[in-house]
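Colleague: Protein chains in written order, with my numbering: chain A, 1 to 381; chain B, 1 to 381.
Just to be clear, a hint being listed does not mean it is correct.
Identical chains share a label here; the pair holds if one copy fits it or two copies do between them.
[Unchecked claim] Think about it this way: if two alpha-carbon atoms lie no more than 20 Å apart in a straight line, the pair counts; the simulated DMTMM-like pairs of lysine to aspartate or glutamate are:
{"hint": "1", "residue 1": "Lys262", "residue 2": "Glu13"}
{"hint": "2", "residue 1": "Lys89", "residue 2": "Glu32"}
{"hint": "3", "residue 1": "Lys83", "residue 2": "Glu32"}
{"hint": "4", "residue 1": "Lys296", "residue 2": "Glu371"}
{"hint": "5", "residue 1": "Lys223", "residue 2": "Glu312"}
For the record, the hints were derived by calculation from the structure and aren't laboratory data.
Protein chains: 2
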Amino acid sequence: MNDFTYYNPTKIEFGKGKEKNIGNYIKNYGYESVLLVYGTGSIKKSSLYNDTISSLKEAGLEYEELSGIVSNPLISKVRDGVKVAKEKKLQAVLGVGGGSVADSVKAIAAGAKYDGDVWDFFIQKAEIKEALPVFTVMTLAATASEMNGNAVITNEQTQQKLSIGTVLVNPVLSVINPELMTTVSKDYLAYSAVDVIAHSIEVYFTATQHPKFNSRIVESIIKTIMETTEILIKNPNDYEARGEFAWAATQALNGLAPSGTKGGVFPNHLIEHTLSALYNVPHGAGLSVVIPAWMKWYKEQNISQFERFAKEIFSVNGADAGIKELESWFCKIGSPVTLDQAGIPKNEIDNMSKNATQTSKLWGLEKVYNEQTISEILQKA
Amino acid sequence: MNDFTYYNPTKIEFGKGKEKNIGNYIKNYGYESVLLVYGTGSIKKSSLYNDTISSLKEAGLEYEELSGIVSNPLISKVRDGVKVAKEKKLQAVLGVGGGSVADSVKAIAAGAKYDGDVWDFFIQKAEIKEALPVFTVMTLAATASEMNGNAVITNEQTQQKLSIGTVLVNPVLSVINPELMTTVSKDYLAYSAVDVIAHSIEVYFTATQHPKFNSRIVESIIKTIMETTEILIKNPNDYEARGEFAWAATQALNGLAPSGTKGGVFPNHLIEHTLSALYNVPHGAGLSVVIPAWMKWYKEQNISQFERFAKEIFSVNGADAGIKELESWFCKIGSPVTLDQAGIPKNEIDNMSKNATQTSKLWGLEKVYNEQTISEILQKA
Chain A
1 MNDFTYYNPT KIEFGKGKEK NIGNYIKNYG YESVLLVYGT GSIKKSSLYN DTISSLKEAG
61 LEYEELSGIV SNPLISKVRD GVKVAKEKKL QAVLGVGGGS VADSVKAIAA GAKYDGDVWD
121 FFIQKAEIKE ALPVFTVMTL AATASEMNGN AVITNEQTQQ KLSIGTVLVN PVLSVINPEL
181 MTTVSKDYLA YSAVDVIAHS IEVYFTATQH PKFNSRIVES IIKTIMETTE ILIKNPNDYE
241 ARGEFAWAAT QALNGLAPSG TKGGVFPNHL IEHTLSALYN VPHGAGLSVV IPAWMKWYKE
301 QNISQFERFA KEIFSVNGAD AGIKELESWF CKIGSPVTLD QAGIPKNEID NMSKNATQTS
361 KLWGLEKVYN EQTISEILQK A
Chain B
1 MNDFTYYNPT KIEFGKGKEK NIGNYIKNYG YESVLLVYGT GSIKKSSLYN DTISSLKEAG
61 LEYEELSGIV SNPLISKVRD GVKVAKEKKL QAVLGVGGGS VADSVKAIAA GAKYDGDVWD
121 FFIQKAEIKE ALPVFTVMTL AATASEMNGN AVITNEQTQQ KLSIGTVLVN PVLSVINPEL
181 MTTVSKDYLA YSAVDVIAHS IEVYFTATQH PKFNSRIVES IIKTIMETTE ILIKNPNDYE
241 ARGEFAWAAT QALNGLAPSG TKGGVFPNHL IEHTLSALYN VPHGAGLSVV IPAWMKWYKE
301 QNISQFERFA KEIFSVNGAD AGIKELESWF CKIGSPVTLD QAGIPKNEID NMSKNATQTS
361 KLWGLEKVYN EQTISEILQK A
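Sequences are here, hints too, so could you generate the full structure?
Modeller: Right, dumping it as structure tokens:
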């Protein structure tokens, strides 16, 4: 078992109607003003926007708004948020939305306490030393962004999709109300399921040391996600399934699953970031294209874990059978498994490989994931 | 899924030699003095005592010592600690030892910030409002005390064994170094395994709502504990097994497993507290006596979960078969499964039932667990 530090101070308020207390939650920490960040208006279609504003007002909080966060969130918008937070001297940031909103508020929180350009953190030109306190109300389960310090942001000028990761931008408190997630479309439910499975299997397959306890935790998450996704496709209003999906998704990337493992990396995310940065495909759709291809390419390097996966998740024997089952399951829930299906031109693989190799260098993975190998993987997609 | 709040701000430093940094860990939080609490001298048999003192000195921390914490720790000793902490105006408490030491430092931490008698918290005469920061270095894995706000203390005068539970006494930071746990005797290894399994199954069997995700997490913990216990009985120095055992034990009672469940209670602990309070049997040994008896008595009330347990843990069919397998496994690892084996006089069941019913009233469980029913359960032991 590898040495590790586990520290996740985020408080989770899980359950029905808890978003209506968000103003008081923030106030109870002693903050008096907040930047409210949300997406392109879906929170105004339900009562969520009004409920949030009412809650902030009732708690006596001053607030500013920043709307228009898009899927694959942009650094330009983050910079807007940083500007407002600085100008108005806001004491906290609150994201109401999905993973993109959560990613954006974390970047804003860090940028608001930094004199330079917030993109510096993403290109590792500067280190995050402090940040405004982050709060989130989640409307989509997938990224575990509500309970970790990770944020992925796209720079539309440089065509880079890069990440930061520090406990300093872990949300202080996040609300997970499964009811808020029932309006998610079946497509996005499927993409979310793929994303959670991706978070679960990256370290599971790539770690050079992976205690069995961790394997069991990961398998618990995957089984739960698969089971509840199938229920939710049939009945989006199944609260129990929605709740289990959300909480399992949180556990997939809040630090528990990889604790004690060694050498795990995120190759599927690495390659997918290029697909969504260049072709604006949903992250989960990009992942379901990359994962089976990567698994076929990688399996021999950790064959026993691939065999374990096949047996534990699908009750089949052999790595190939397990990969096939997962690919079929992605198809079953309606997520693409080839570049074609995702509308990505296969003749641009060279360009994709070049782009992904840039990230690979930043992540220190170019020895294994370079233009040649990424191209090999994408050829299988 | 039931509404819940999940909040566990304890930082875990897991790995080899990390106890040698404990002085700096404490200092990094800004504290300058500490009460060092330990047991009856086993930390002086290894280098742990000297390493701890060196680390505190190197970090420039002032410290006082309180030794002599025993298994089933006593309120008299806690009162001693509170007195020293108050008199010397110490800023933090550090427990180096097993669950009893951790329990004691939490009680001391709460008592040091309270004008009345610390026992008031246990009899629910007063509520904990603040506490000194708690640090622990664990030498035994079982109680998850390193990552929760629970403490169980015995009042030797009133013959009560009662508990407190608040995140205010969660350790700020705990060191888990599996190497420090290799000197644990095979008996205590077995008792620890029983204790972790007990923590895992109480809510698993008694909750009126228990999401499948939670069942899977619990089963992951139990499988890991059973597998690693068997390895460690043969080879106490197996670091991997020791590490997985320790981390699984932490997860069993750090708040994750019951999150989202409803109505779970701790009847086996309730009854066992009486056995260890009256007869000073090790907690785990008392539990392995109570658990099979309680399972036989209770199974019909949640038969599907008992059937699930049998299948998932032992690959056998039927509640009875599962109970029998667990009982056999307790025997196999050398933990008693009858009152006789534990050296507890069966003719005193009436007295035990009376004593346990007192706790039952405090826990609000006397409707189900009263003199009559507890007597019925103990008759099966």
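Colleague: Does each hint fit the structure? Answer for all of them.
Modeller: Now the hints, each set against the structure:
When the C-alpha separation of Lys262 and Glu13 is checked against a cutoff of 20 Å, the pair qualifies only between copies, where the shortest distance is 16 Å, while the shortest distance within a copy is 31 Å. Taking identical chains as interchangeable, the C-alpha atoms of Lys89 and Glu32 lie at most 20 Å apart only when both belong to the same chain, with a minimum of 11 Å there against 34 Å between chains. Proximity of Lys83 to Glu32 under the C-alpha cut-off of 20 Å is restricted to the intra-copy arrangement: shortest distance 19 Å within a copy versus 39 Å between copies. In the homo-oligomer, the alpha carbons of Lys296 and Glu371 lie at most 20 Å apart inside one protomer (18 Å), although the nearest pairing across protomers, at 62 Å, exceeds that limit.
For the homomeric pair Lys223 and Glu312, the shortest alpha-carbon distances inside one copy (9 Å) and between copies (14 Å) are both at most 20 Å.
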